[in-house]
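Residue strings, one per chain:
Number of protein chains: 2
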Amino acid sequence: MIEKVLINYQIENIPIEVRTYEKGVLLHSPLDACEGLFFVNSGCLRVYILSPEGREVTLYRLQEGELCLFSASCVFQNINFDIYIEAEIESTIEVISIAEYRKLQDNPAFVNYVNDIMARRMNQILQLLNDILWNRMDQRILNYLKEEAQIQESRELTITHERIANHLGTAREVVSRVLKYLETNQQLVLKRGKIQLLDES
Amino acid sequence: MIEKVLINYQIENIPIEVRTYEKGVLLHSPLDACEGLFFVNSGCLRVYILSPEGREVTLYRLQEGELCLFSASCVFQNINFDIYIEAEIESTIEVISIAEYRKLQDNPAFVNYVNDIMARRMNQILQLLNDILWNRMDQRILNYLKEEAQIQESRELTITHERIANHLGTAREVVSRVLKYLETNQQLVLKRGKIQLLDES
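Keeping their order, the protein sequence lines are chains A and B.
Residues 1 to 201 in full-length UniProt numbering are what the first sequence lists, from first letter to last.
Residues 1 to 201 in full-length UniProt numbering are what the second sequence lists, from first letter to last.
Derived from the structure by calculation, the hints contain no laboratory data.
On a predicted model such as this, the values are computed, not experimentally measured, just so you know.
One thing to keep in mind: the hints can contain errors.
As the list claims (entries may be wrong) - Taking lysine-lysine and the DSS-like style, the derived pairs with C-alpha atoms no more than 30 Å apart in a straight line are:
{"hint": "1", "chain 1": "A", "residue 1": "Lys103", "chain 2": "B", "residue 2": "Lys103"}
{"hint": "2", "chain 1": "A", "residue 1": "Lys194", "chain 2": "A", "residue 2": "Lys146"}
{"hint": "3", "chain 1": "B", "residue 1": "Lys4", "chain 2": "B", "residue 2": "Lys23"}
{"hint": "4", "chain 1": "A", "residue 1": "Lys103", "chain 2": "B", "residue 2": "Lys4"}
{"hint": "5", "chain 1": "B", "residue 1": "Lys23", "chain 2": "B", "residue 2": "Lys146"}
{"hint": "6", "chain 1": "B", "residue 1": "Lys103", "chain 2": "A", "residue 2": "Lys4"}
{"hint": "7", "chain 1": "B", "residue 1": "Lys146", "chain 2": "B", "residue 2": "Lys194"}
Build the full structure now, drawing on both the sequences and the hints.
As structure tokens, this is what we get:
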């Protein structure tokens, strides 16, 4: 709960709104008003960008206990990129409104905490940039599948090639070709609508 | 001068070190210790990352009056990416040491200012990510040449295809091919060791 975090900064009595979103619901898109800080109480949010052709690229995921800054992007000057936030599984979110958040900006310790989070997100985005620039696609797909296995808590994943392609900003054909290659390499087994990750992969 | 910025936050008497770097000097690499905040007094810094193969990709440039946060990355937890900072032309930098910067972290207005800068950098990196993912290479090269024309204050640029390729993280051959295409399109003229940008490009 966000209260536990705020107490570290001697902040109390902040009004908090609790919301629950079904799996797949879009919490935020560039057309939405700026709502405030989202704190993930349970579940998982996926933050992504969209290409003109409608392809999605995941920037990062927010797990339980993590704070989403982009949902409050209006309080950070200079942010003008188009971000989408989706509930990847059923998720409960605590929301601190913009008005309340502005008050917290007088608290240097809390602002430094926000600063650290911003740096962490920057880190994740640079990691992704690195991946895109230099990693071979097979490594990117394998990394993605491992992450997915943790979320689904299973090494047998129910996932389409289309969905993997959307995540990684590539074409379905590329994903199918690479998965086939990974199967030949004995890192996974392809089944109808499923992918079984093998040990050591 | 950074003093002008600090005065906005009622901050005075901060010891500041002034340094001048020749064109092309590397101010910071991942092996260097964390030095403090760099403020660009005159000139231009280029912040870039390096691939395992040694290719450079420019993240952004810092012009006069801008603050470099990555030179103080040790004060931001969670930053662990490898950043290089180069003086793109002769540049004079004011440095606030880490110890002094830590004191400034008690000042909420200043920390919010740093937060805004962090958001701006994030913006620039996301723009780059966008460029890499979706823009056509000809547009990227043209954008880069226009930026270069502003820095060199001339539309006749002394620049090699190799250097353009390094900036954009691509191969020299790709750059040569695209420049040829842009020439056919009457957006520029290729000369020995030079590129002449034409009007409207």
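Checked hints:
1. Pair hint Lys103 (chain A) plus Lys103 (chain B) holds up; C-alpha atoms about 22 Å apart against a cutoff of 30 Å.
2. Among the hinted pairs, Lys194 (chain A) with Lys146 (chain A) is consistent with the structure: their alpha-carbon atoms are about 14 Å apart, no more than 30 Å.
3. Restraint check for Lys4 (chain B) and Lys23 (chain B): the C-alpha separation of about 26 Å stays at or below 30 Å, so the hint holds.
4. Distance check on the hinted pair: Lys103 (chain A) and Lys4 (chain B) sit about 26 Å apart at the alpha-carbon level, within 30 Å; holds.
5. For the suggested pair Lys23 (chain B) and Lys146 (chain B), the alpha carbons sit about 20 Å apart, so the restraint of at most 30 Å is met.
6. For a cut-off of 30 Å, the pair hint linking Lys103 (chain B) to Lys4 (chain A) stands: about 26 Å separates their Cα positions.
7. Proposed proximity of Lys146 (chain B) and Lys194 (chain B) is supported: the alpha carbons are some 14 Å apart, at most 30 Å.
Going down the numbered hints, you'll see the structure goes against none, and every one checks out.
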